[in-house]
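Engineer: Protein sequence lines, in the order shown, are assigned to chains A and B. Position 189 of the first sequence, counted from 1, bears residue number 1075 in this note's numbering, the numbering being contiguous throughout. Position 117 of the second sequence, counted from 1, bears residue number 1003 in this note's numbering, the numbering being contiguous throughout.
Misleading hints may appear alongside valid ones.
Copies of the same chain look alike in the list, so a pair counts if it works inside one copy or between any two.
Said to hold, decoys possible - Restricting the straight-line Cα-Cα distance to at most 20 Å, the calculated cross-link-like pairs of lysine to any residue (SDA-like) are:
#: 1; residue 1: K1068; residue 2: S1051
#: 2; residue 1: K958; residue 2: L1079
#: 3; residue 1: K998; residue 2: Q1044
#: 4; residue 1: K958; residue 2: V1027
#: 5; residue 1: K897; residue 2: E923
#: 6; residue 1: K998; residue 2: H912
#: 7; residue 1: K1068; residue 2: Q970
#: 8; residue 1: K1068; residue 2: E971
#: 9; residue 1: K1068; residue 2: E934
#: 10; residue 1: K998; residue 2: T972
#: 11; residue 1: K888; residue 2: S1035
#: 12; residue 1: K1068; residue 2: Q1016
#: 13; residue 1: K1068; residue 2: D1015
#: 14; residue 1: K1068; residue 2: T972
#: 15; residue 1: K998; residue 2: G1042
#: 16; residue 1: K1068; residue 2: S1032
#: 17; residue 1: K957; residue 2: A944
#: 18; residue 1: K954; residue 2: S966
#: 19; residue 1: K998; residue 2: L1075
#: 20; residue 1: K987; residue 2: P1065
#: 21; residue 1: K889; residue 2: A1017
#: 22; residue 1: K938; residue 2: D948
#: 23; residue 1: K998; residue 2: K1068
#: 24; residue 1: K998; residue 2: I916
#: 25; residue 1: K957; residue 2: A1017
#: 26; residue 1: K954; residue 2: G939
It is worth saying that the hints were derived from the structure and are not from the lab. The structure presented is a predicted model; accordingly, all values stated were derived computationally and were not measured.
Protein chains: 2
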Amino acid sequence: MKKYPLLTIAKNPSAIILANGDFPVHPLPIALLTNTEYVVCCDGATDEFVSKGRIPVAIVGDGDSLSKLNKKQFAHILHSIPDQETNDLTKAFNYCLQQNKMDLLILGATGKREDHTLGNISLLADYMDQADVEMVTDYGVFTPISEDSEFESYLGQQVSIFNLSDADMSQEGLQYTLPPLKQWWQGTLNASLSDRFIIHTSGKAIIFRAY
Amino acid sequence: MKKYPLLTIAKNPSAIILANGDFPVHPLPIALLTNTEYVVCCDGATDEFVSKGRIPVAIVGDGDSLSKLNKKQFAHILHSIPDQETNDLTKAFNYCLQQNKMDLLILGATGKREDHTLGNISLLADYMDQADVEMVTDYGVFTPISEDSEFESYLGQQVSIFNLSDADMSQEGLQYTLPPLKQWWQGTLNASLSDRFIIHTSGKAIIFRAY
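Could you put the whole structure together from the sequences, leaning on the hints where they help?
Structural biologist: What follows is the structure in structure tokens.
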């Protein structure tokens, strides 16, 4: 059974993707950004990252969301990928795969436009087929799964489960049994009963553990 | 065919539900809040609403998220509904129905925890069976539909489409044809080509029009 530890500042991902949403303010994503050398920015995230004294390894996007100064200064690491079928987050993800970075954290992918937030979260279910990946927000961590999975947790941790398939799901170690999760809200507002819980599924799902 | 005008400050809903997420900052939801007398607060939204000099018609929730002062001051309008199967937004929605308020806007339902944002947006698909309802955020408007629908729009308006059923969908007046919308991200990042667009569907879907 695949196991997912609680995310801590000890995590050492091979790369962080910083997306176009709200720049992180929670101490955990801030610390992860500080500790990780290999950061790829979606272009809309670059100006704020640079303003904090950092330089990304690569900037992915058409460069339209960059300041003129940064667009010029970082032209050598700007990877413009024209493809209307994918968004900047997927372009940055694909760039990381090309660089053989297979243990990824995505930050800054929520906040601002809610349709982008929904889209970005759902992309985890595609990305998981190609790399180990979790999304870190100011409120918790989204983890995509496609098989029985064990999550490290703590008593009372708030947990939400989004079923992306028609597969039946069940749990061990959570407060409420899982109804058929036909709608997004039906798996929200659960809570952990101890230092771990297990999700049983044969389809794709995304698990949210709040801090 | 059902028609959905662009939301403006001229809208006169029978009630606004103010939920527990980020308090609105965009001028449109702020103006709607100002112009609407009948506002029902989820309890977590009350303190900020009151701090702006307003008094809700009703406060729905267990009162745990209220300041001591407001809990005492507004005890006479606090409707505590113990039900672990529904969240505060649904309790507030049901309260409005009981008061025969059938043309509703939901504000403050996004921001903060992303799992709550996802849950709240998806609840629109349930609510639409019982009332006319749209969700207004700082970035745009979510509208639930379950049949062919025409949307007022403008050239270049950003549009995202979330298919909540297995029904095939198609569009007139948008930039990109709709693929089979099996995943949330697949309907995002579209745009209107003129002053209206049409969504064809026989299943439930949620349409987002950005401002």
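Engineer: What hints, given by number in increasing order, does this structure fail?
Structural biologist: Hints 2, 4, 9, 20, 22, 23 and 25 not satisfied by this model.
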